[in-house]
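Undergrad: Based on the sequences and whatever the hints tell you, model everything.
Protein chains: 2
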Amino acid sequence: MITVLSGGTGTPKLLQGLKEIVNPKDLTIIVNTLENDYFSGVYVSADIDTVLYTMADMINEDVWYGVKDDTFITHERLEELGCGELLRIGDIDRATKIQKTQLMEEYGLLKACEIQAKNMGIESRIIPMSQDQTDIKIITDIGELEFHDFLIKYQSMPEVLDIEFSKVKPCEGIIDSIRNSEAVIIGPSNPITSILPILSLDGVWDALKDTYVVAVSPIVGSGAVSGPANKFMKALDIEVSSVGVASLYQDFLDNIIIDNEDENLKSKLNQIVNKVTITNTIMSNLGVKKNLAQIIIDSISLKKRGDY
Amino acid sequence: MITVLSGGTGTPKLLQGLKEIVNPKDLTIIVNTLENDYFSGVYVSADIDTVLYTMADMINEDVWYGVKDDTFITHERLEELGCGELLRIGDIDRATKIQKTQLMEEYGLLKACEIQAKNMGIESRIIPMSQDQTDIKIITDIGELEFHDFLIKYQSMPEVLDIEFSKVKPCEGIIDSIRNSEAVIIGPSNPITSILPILSLDGVWDALKDTYVVAVSPIVGSGAVSGPANKFMKALDIEVSSVGVASLYQDFLDNIIIDNEDENLKSKLNQIVNKVTITNTIMSNLGVKKNLAQIIIDSISLKKRGDY
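Sequence lines, in order, name chains A and B. Read in order, the letters of the first sequence correspond to residues 1 to 308 in our numbering. Read in order, the letters of the second sequence correspond to residues 1 to 308 in our numbering.
Read the hints as simulated data drawn from the structure, not as lab findings. Honestly, I wouldn't trust all of these hints.
With a straight-line cut-off of 20 angstroms between C-alpha atoms, the simulated SDA-like cross-links for lysine to any residue are [claimed, not checked]:
#1 B/LYS118 / A/LEU81
#2 B/LYS118 / A/GLY84
#3 B/LYS111 / A/CYS83
#4 A/LYS153 / A/ASN230
#5 B/LYS153 / A/GLN102
#6 A/LYS118 / B/LEU81
#7 B/LYS19 / B/ASN285
#8 A/LYS118 / B/CYS83
#9 B/LYS111 / A/LYS153
#10 A/LYS111 / B/CYS83
#11 A/LYS290 / A/ASN60
#12 A/LYS118 / B/ASN285
#13 A/LYS118 / B/GLU61
#14 A/LYS167 / A/GLN131
#15 B/LYS290 / B/LYS118
#16 A/LYS266 / A/SER284
#17 A/LYS137 / A/LYS111
#18 A/LYS111 / B/THR71
#19 B/LYS68 / A/LEU81
#20 B/LYS68 / A/GLU80
#21 B/LYS118 / A/LYS290
#22 A/LYS111 / B/LEU81
#23 A/LYS153 / B/GLN102
#24 A/LYS68 / B/PHE72
#25 B/LYS118 / A/GLN102
#26 B/LYS118 / A/GLY82
#27 A/LYS111 / B/GLY82
#28 B/LYS68 / A/GLN102
#29 A/LYS68 / B/GLU76
#30 A/LYS68 / B/THR71
#31 A/LYS118 / B/GLU80
Over 10 angstroms on every C-beta distance to chain B, these chain A residues come out as not near it, computed from the model [said to hold, decoys possible]:
#32 PRO24
#33 ALA56
#34 ASN60
#35 TRP64
#36 GLU80
#37 GLY82
#38 CYS83
#39 THR101
#40 GLU146
The C-beta atom is built at its ideal place from N, Cα and C for all residues, glycine as well.
TA: Laid out in structure tokens, this is it:
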């Protein structure tokens with residue numbers, strides 16, 4: 001069993017590779033819920049849906065959000081009516097969200113995800129990090145912003161001074177999943193708004209210390225491969241580089257995987273992490289994704305043999 | 001100014017005729033809200049939307065619900081997911097409902113309808129009968145049913161023993177609209193579940209007594225032209241005929257318009273209502289609708305001249 005900690009874009013790309021290499025039944029994916037909220041009457045759990053669609057081969061890879069080849073009839077009509085949605089919700093995607101909202105109100109988010117994953121033929125276990133609603137504030141140079149307003153309305157343009165999010169309870173099964181896994185993979189997602197919320201859950205940090213942890217750095221050079229990770233890292237005084245990522249995870253990190261471009265950081269990283277793996281982490285096609293997944297799995301196997 | 005009391009199918013057909021005969025600016029339409037409720041995260045006010053779409057020439061005349069030529073991508077996907085919606089909500093129609101829900105939560109239902117009517121280029125005033133949520137129970141031979149379950153899930157099949165609905169506050173403007181109108185038209189909607197809820201609002205009954213009231217009977221022969229009016233009338237011990245309709249409204253009714261088929265009821269009706277008008281009330285095309293509207297308007301004009 002392998003547990004993956006996931007946000008919404010980088011890690012799902014890696015999951016596409018992993019599910020070709022590992023039996024999907026042997027994967028548990030713990031997904032960030034920091035930004036979950038209601039939009040247009042439905043509960044939107046963007047990262048969970050991205051992971052669901054990725055594992056079901058339905059994801060729209062142009063934006064890593066929503067369903068490929070979806071239509072936007074309701075969404076576009078709302079724009080015509082002068083009441084545009086902040087999130088671009090497609091018509092098929094909206095059905096997923098309506099169903100999840102109903103299932104969630106009846107059974108809670110964990111069970112809702114379980115049912116939806118099963119519906120979509122997904123054999124991996126997908127666990128939301130929490131069933132609680134997180135309050136999150138992005139404190140910027142133009143004032144305090146809602147997370148989606150910062151990301152979408154303001155296109156991550158303002159300078160970020162601080163990020164505050166409320167403490168939530170870990171979802172049932174998370175600690176057990178980490179402790180019972182032969183390894184935990186921290187995907188190349190935003191360390192601050194996707195991974196840190198999972199790490200901040202009671203018991204997760206300690207459980208990771210007792211488990212073999214491999215992280216793929218989402219930072220190549222001094223820029224995040226996608227998303228506004230840079231601004232969030234800067235705001236928390238974390239160096240925007242693989243070194244910054246490793247330092248954030250160093251309490252429990254056994255192996256960091258960085259891009260070829262960052263080979264020069266190896267000696268610096270070796271002072272923080274036991275093992276540094278250098279490869280192509282720019283997942284521009286399935287070949288790269290599978291290769292990266294294979295390197296991770298090999299590192300886990302080596303560790304089992306005590307060869308690292 | 002003329003005020004129309006409306007439900008969801010018969011009266012909108014009449015409105016299609018009326019808006020060709022009368023300046024739409026001179027029409028106020030008070031609409032039933034008895035069955036309003038949340039479905040799939042959005043507030044559904046079926047009769048209001050039918051009136052809005054009718055006045056905006058957007059109505060789907062096949063079912064007198066929703067928008068013509070709409071698609072059902074989200075709705076059909078929900079069915080595929082095993083989580084079908086009780087109401088068949090189209091993709092364009094869903095945008096109306098999402099917008100109304102948001103406007104309603106911000107401004108209340110009255111203002112939401114006003115904004116949506118204006119958006120759709122409607123010049124008539126459309127007033128929901130109430131901004132309150134009505135509790136309604138249909139007591140049947142198979143038990144107590146929700147209104148939409150009775151209508152849709154059980155296709156109005158069970159025998160109705162009783163109907164109970166809670167008292168709600170009339171929307172602002174309703175009593176003034178009735179009192180300031182030269183006439184009130186009660187459309188051919190279900191007398192029990194569409195019209196009676198409006199009549200039961202505090203002050204409406206008395207205001208109608210002081211106004212010239214024309215009703216179009218929704219019953220032809222002994223069957224309602226559409227919908228389950230028969231069962232509801234029987235349950236309340238009201239004769240299922242134009243006579244039953246007239247007796248329900250007799251306290252304030254000045255003129256009842258019945259179908260040619262019911263000519264034999266004229267003398268019986270004359271004992272209840274001052275004036276009985278006989279014409280074709282089966283509104284199968286715009287010609288019939290306009291003709292019926294013209295007869296109503298003529299009756300209102302005659303009354304002004306004191307010639308009735």
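Undergrad: Hint compliance check: list the failing hint numbers for this structure, sorted ascending.
TA: Hints 9, 12, 13, 15, 16, 17, 18, 21, 25, 28, 36, 37, 38 and 39 are the ones this structure does not satisfy, whereas the remaining hints hold.
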